[in-house]
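Chemist: Please arrange chain P on chain Y, whose structure you already have, making use of the hints.
For the protein sequence lines, the chains are Y and P, in the order given. Position 118 of the first sequence, counted from 1, bears residue number 118 in my numbering, the numbering being contiguous throughout. Position 200 of the second sequence, counted from 1, bears residue number 200 in my numbering, the numbering being contiguous throughout.
Hints should not be assumed to be uniformly reliable.
The calculated DSSO-like cross-link candidates involving lysine-lysine, where the alpha carbons are at most 30 Å apart (straight line), are [unchecked claim]:
| hint | chain 1 | residue 1 | chain 2 | residue 2 |
| --- | --- | --- | --- | --- |
| 1 | P | 27 | P | 594 |
| 2 | Y | 140 | P | 63 |
| 3 | P | 414 | P | 401 |
| 4 | Y | 140 | P | 472 |
| 5 | Y | 140 | P | 197 |
| 6 | P | 27 | P | 197 |
| 7 | Y | 140 | P | 3 |
| 8 | Y | 170 | P | 594 |
In silico contact screen, one side only, chain Y against chain P (beta carbon under 10 Å); selected entries [said to hold, decoys possible]:
| hint | residue |
| --- | --- |
| 9 | 141 |
| 10 | 142 |
| 11 | 148 |
| 12 | 151 |
| 13 | 153 |
| 14 | 154 |
| 15 | 158 |
| 16 | 258 |
| 17 | 262 |
| 18 | 284 |
| 19 | 457 |
| 20 | 461 |
Note that these hints are calculated values from the structure, not bench results. All figures in this text were calculated on a predicted structure; none of them were measured in a lab. Just so it is clear, CB atoms sit at the ideal spot from N, CA and C, and this is done for glycine as well.
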Amino acid sequence: MTAQQDFALKRSQEYKHALFVLVISIALVLVFLVNAFDVTEGTWNKVWGSLTIAYLVIACWQAIILFCMKRDLLNTGDIQKRTRLMSAVNLLTILVGNVFTTTFAFRMLRRKASIEYTISYYMLLTQLLIVSVSLLNLFKPYVSDMFLLTMAVFILLIIFDVVAVVIFGKVDTDRQIKPAFKWLGIALIITGFSGNIFGCILGYSVLLKSTNRDMSTIEKWNKIWSKITKNFTAMLGLLFVIFTFAISIASYGTFVYEFAVENNYESMLLEPSLANPFGTDNFGRDVFSRIIYGARISLIVGVVSTLIPLVIGGFLGAIAGYYNKSIDNVIMRILDVLYAVPGILLAIAIIAAFGANTVNLIIALSVGSIPTYARTMRANVMMVSNLEFVEAAKALGEADWKIIFKQVVPNSFAPMIVKATLTIGGAVIATSSLSFLGLGVEPHIPEWGNILKVGSMYLETNPYLAIFPGIAIILLVLSFNFLGDGLRDALDPKLD
Amino acid sequence: MKKRLVLFLAAVVLVLAGCVNTKSDVKKDESKPSSETKNTSIEILGMSTGEDDLNILRDQLTKNGFNVKLNIQPDYGSFTAQKDAGNYDLALTGWTTVTGNPDYAVRSLFTSDGDNTLFADEEADKLVEKASTQLKEEYTQTYKDLEQLVVFDKAYIVPLYTSYKAQGVNNQVIDEKTLRLPKSRAAVWEAISFKDKAKNATQPLLAQQGISALTSLDPIKGNDGSINTLNTNMYVRLVNLTDDDEVVSDGSLSLNHAIADGSKDYYFLLRDDIHFASVKDKKAADSGERVGAEDVKFSLDRAKDKNSVPDHRTYSLHESMKDISIVSDLKELDVKTTDGQSTVREQLEKGLDKKISTLVTDKTKANNGSGAYQIVKVTTEKPFPQVLNYLAHQSAGIVSKKQVESINTYDVAKYDVNKDIAYGDQKTITEGKDYNNALYASGPYILVSKNDYEAKFVKNPAYMKGTEYEPKISAITVKFIQDPESALSALRNGEIHILNGVPESKYDIVKKDDKLTLQQNKSNGVAYLAFNMKDRDVSKSVALRQSILYSINQEEIKNFYQGNKMNAVSTLSPLVETGLKLEADNNKAKELLKEYQSEK
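Isolated chain P, as found in the complex:
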């Protein structure tokens, strides 16, 4: 009896054991990476903020037979140091087209002499030049050819994804309908209002920014996250971008603008109700000086001139402009516009209460009420319709000719950063013994003072008074909170009212909170991998680069971000619908890798 029981038990155990799936049962069909081909090593450089992306890339490349080494640097400084030293095969980078036009998305990256050039390819240079002279209808095909060349044929970059923008707002305090979330341009502070309008005059709006070291408050001397929002709200521009990147005159220094036939002459009709604000005793004061055509000419001339200031960081955006002039002759406006129907004058006068009667060249004589207007004309070297996007960028902000000239008295060639104090130097507005605020703001707000924790702005008292663009809230405090998680906590406990840039993994938390609203819009930010094109295996072999390209599966990345990312083909993807798509293909990737290994 006992023997039988033991036998029976043994039989049961055997049957059960047979039911268990082992790894080799399940993975039998999957071809193991053959051990005779040596694994190709790839080094990926990134920052700790991109750890999640790096992990996905490591996983995908490993599964396709690469031997991946990650080089994770804690901050941007060490990242750039490693990049400059060339210690990488692939670098995880991102690009945001802040001007909202495709030329900016390709010029500095894909041309041989761009500011952030990734590679040198004559054919790519030609295509970028060709597209820049074309209007929207024509350039789509050119940009498609460019993408085909850069991404698929030569595989200079590996696109990963396009991001969304997300903004959390405290809906108990802020009237969320007044808070815009534009695709490209920075926050529109003048439109924001508190829910309880009585508070607009008494309470400051609390906003947040990650970086507390401000590059410069001179608009042409910076183009980064530390000053984009601040300078955009401190200096008015000739035109503005709408929430989905259309160029308009609404809320800008111009009442209307027009493009003359030939796409080389651009006219802007200026408004007369903006004065520069200055800071006196830590309060904003109306300087009494009008923002006029002379200031526009001065600002744009220095914007396009590389030698107008030391550390000019934005001249490449404005190099397309040949000449800026103040129009004095009304007859000049009788040329046709690009649509071939109306004249420039008709377009400029559209919707005006008082038509143009005289043009003045002296800004103090302008008086829109009596028909005395100022007009600025911008002429480009070549036909270049996208110049308007650059004029909407914060670096084309209008500064005061008189004030800037009175401060920038040093010789640019002999500029000494320790001795000379340039206009917009952050030292002059930082609390302490060097405080000497000499800013002249043409925009809705002016920076009064800052320290390591916050920057205080007050409303420009003479900015479009009585119009819908007059700033609603009288004071704005920008808190510097570097860590996104802490910033979110600050939003949730009411320490700040608006948080621009909620992390993807925290969307649910913001959505669940009744006090908060999550605003989302598409962004122009694209993440991609740049190949090291100097003296590496990846710089020499197209097959190896393509093998990496086809190993990357964007769908998996989207899955990881719970669908809060979009596919990308290049930095153009958020701006131009080229119709191309990168599909991951493991077999192709493995074949290309074999091809590379055999040619080696």
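Chain Y extracted, bound-state conformation:
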């Protein structure tokens, strides 16, 4: 292998992506295989068994693609059209729910990476996942009154998304695009209100490029998003976060709340089936519906209890960082006192004193993390306020608060965003932990910690009651962490 060939392999993001997808697919095959074979009875489970076979086939095909890619890269330094077309077959894998191979296949289909194309196929995938998860409700005794209407809207959205994927697959959107595209952008933003935030991002991007004449703004936007869209783990994280958010909104139309909260003594502790994909708990409630409804609380509490300290801590940190000496000292020493109290203990104390409900839960989780945000903000502000443009603003006689909030804060906000994304995961875990301890929301309300608590009592006899909420928590936290990492890579100027 010459140095040039070696470089071609190392340079190719697509090759790395293919390798990652192969490894994940093989891991999934193994997981399904373990579930498919019952060691004690020596029997095979049909559902898991067929899933294993399907995923095994996918993994083999992926291995072949990977081999072809390597050959292409070594021989010509570029991936050939035939190899790209081969991976189109993998688009079908969405039917068995393998989003890893599907996203890879979409990526391979366009020769040149494009931000809009990437976001549009993630948007399509999110919509497909929402529809397929919602369709599971058909196996229930009845569906909600809004179900048919909502599903019809969703199917229209899918068609719209497919059109968007096709358009952005063809059009070159690197620079400015035709002004007519702004209508498409507005339409995309409107679809984003269904919860599919990919629509909002894509719409904004299109609007920006079709109406804005300032090249530097477009350049900046392109730089950030091309980094994020090339980072497949960050995109998968974003996919799951947006999916969770979107399904929380979609559940208003497609899910029946009664299945999640009303006791049904005829169907207690049932094994997973089509009607109850995650089984039923000890009160006969459908765990699947409970997890879907639980996502709302977990997300709301997680996001809000991150936003509150972000704003309060950010404000205090900015003030402290800009005005050195006494103000800095007063604010930071008070926050140091708060910092000395362990966060989770403070939360428990607040909840014990004021009672357990969602609002108190949010406050309890927010207060403890104010100091860390303030510290981050202060450090950035101190650095930025010594830069020339701030000096210039001062020299021009600009008011202090204008300098702080127009010049300093916007330029020191990137690390705060990264920190916030990374701590949302922690907040989700803290919410669930407090509910698990009986300090969160009321026990009958579907919340992931509550669901997990019930499951923990049946670990031996009905393990699925704990496994599914556990996986939900793990996936959401992991997604936020991946997304946070991606954001850090994209926003940190030092990594350029």
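Modeler: Okay, now just chain P, sitting in the frame of chain Y:
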């Protein structure tokens, strides 16, 4: 062609969509709670251990048009604090009749001046008094009237269920045939034997208890889960309860007992083969002092006297006794018993090897082998046959007159908990600088020492030696494990041998484990909801209370516990077959609720 295909597809989708059941299709017939009547709010207070019950109640009441708020407290202390503050409409509580007689099940709850009184109702007071003087055949009707009044007519309580008792035992170590699971009385330690009998002398039996803070080891100063089992096995009583709550002399201080005609005089013929045990150098020693009639008189006199000790917690159980005396005159025994056939003497002598020749009043002179016996007579204020159940309760355990008097030297009225050390204070047996074990045990075992993790008991060396009641195992260690789940894990990995109180949801795990056996018996524990009878809407309106009563469906609760609960009507249900049954009735509940809302 394309158009046709699209049309055809559209038609198929429409037909399929028509097949889908929506919520309003299915629930059309169910009347929605009409929005014009405002939902009535109900606050239920409970502990986190009763979270499952609370959830069922919330569900059932919500479905009947109530707006339910749960107040879940983490422990008993905060629960009682909330209850005392009156922050509830309904409180989820339980009652266990440890004496196995119906009077105990109603007296402290349903009378106006009971220890745990729930409400004040003159008619209920009268019925409780009337039933207490009656024998079993007659009191059934009286108790039925009481239940009708308390539960159905006035709806003072909402009964939920009667529990089973369940005990898990390691059958590889313990000979499970020797392990009893009585309905009311606490564990019978002296009967238990290891499977390998050689181990009885060398290895300790490992038992479990949830609470590690012991109220008091003086039997009259406590009546709760922390000491019931321990005191029952440390102090012998005049009579015992069998596994299904019959009063017998087997394994007690009396050889036989008899009730004289009129049901006011009760005679007990004492055995002479029990000595008090004491602790010396952390080992049990025979004190040489016999357990006799003087000790019985002393123990029962202080049991019924409210002022005999500070913090007397059990006098109300023994208030029915008027007089306790040692019988010296044999002629007194020639009265007829309640059956009208035999005399008291004949009943007392039944099955004795040596008939009674003389009666002695000095316990040191008793000698059953030569016919010198001691007899104690208990006289009640009114005819009260159920007094025998109270005498079988742990609070009627026999203590040593000499020892207790030598320790309780303080003045009861001026008792200072920081300075004076009472007999049975847990400080004196807790490892550390205050350790000074002065216990005198009349029962099969004596407590040597305890710490936060375990309590160590050893066998009383002079307890019915050579009889079938002599303790088999020489030492017993009671481990304090609070969490039921951890306790079950401890049983499964061999850390303890016996677990009393396996949770319902874990029966299957114990049953599936080959090493373990699950023993089950009915219990006298009843769970119920008590209404707040002070200044609440529920205290004023019978209709509202009845509406709640008929909203509760016991069958659903039984379903939830996989059939491991029984129906209940009141705390009497496990003891008396009154024939009444509470049937859930949603329509009645809704009508009563409407009635309440219109009268408001």
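Chemist: State for each hint whether it applies.
Modeler: Status of each hint after checking the structure:
For the hint linking residue 27/P to residue 594/P, the alpha-carbon distance of about 22 Å falls within 30 Å, and the restraint holds. Taking the CA atoms of residue 140/Y and residue 63/P, the gap is near 21 Å; set against the 30 Å cutoff, the hint holds. Our distance criterion of 30 Å between C-alpha atoms is met by residue 414/P and residue 401/P, whose separation comes to about 22 Å. With a C-alpha separation of about 60 Å, the suggested pair residue 140/Y and residue 472/P falls outside the 30 Å cut-off, and the hint is violated.
Taking the CA atoms of residue 140/Y and residue 197/P, the gap is near 59 Å; set against the 30 Å cutoff, the hint is violated. About 65 Å separates the Cα atoms of residue 27/P and residue 197/P, which puts this hinted pair outside 30 Å; it is violated. At most 30 Å may separate the alpha-carbon atoms for a hinted pair to count; residue 140/Y and residue 3/P exceed this at roughly 34 Å. Pair hint residue 170/Y plus residue 594/P does not hold up; C-alpha atoms about 68 Å apart against a cutoff of 30 Å.
Taking 10 Å as the C-beta contact cut-off toward chain P, the hint placing residue 141/Y at the interface holds, the least distance being around 7 Å. With a least beta-carbon distance of about 4 Å to chain P, the hint placing residue 142/Y at the interface is held under the 10 Å criterion. Because the closest C-beta pair between residue 148/Y and chain P is about 5 Å apart, less than 10 Å, the hint holds. Taken as an interface hint, residue 151/Y checks out: its beta carbon lies about 9 Å from the nearest beta carbon of chain P, inside 10 Å.
Because the beta carbon of residue 153/Y sits about 13 Å from the nearest beta carbon in chain P, more than 10 Å, this interface hint is broken. Interface hint status for residue 154/Y: violated, as the beta-carbon distance to the closest one in chain P is roughly 13 Å, over 10 Å. Annotation: residue 158/Y was flagged as interfacial toward chain P, and the flag is violated, the nearest CB pair being 14 Å apart, outside 10 Å. Interface hint status for residue 258/Y: upheld, as the beta-carbon distance to the closest one in chain P is roughly 8 Å, under 10 Å.
Interface hint at residue 262/Y: satisfied, since its Cβ lies 6 Å from the closest Cβ of chain P, which is below the 10 Å cut-off. Using the Cβ-Cβ criterion of 10 Å, the hint placing residue 284/Y at the interface with chain P is satisfied: the shortest such distance is roughly 9 Å. Interface hint at residue 457/Y: satisfied, since its Cβ lies 6 Å from the closest Cβ of chain P, which is below the 10 Å cut-off. Interface restraint check for residue 461/Y: the shortest CB-CB distance to chain P comes to about 6 Å, inside 10 Å, so the restraint holds.
Taken one by one, the earlier hints fail for this structure at numbers 4, 5, 6, 7, 8, 13, 14 and 15, listed in ascending order.
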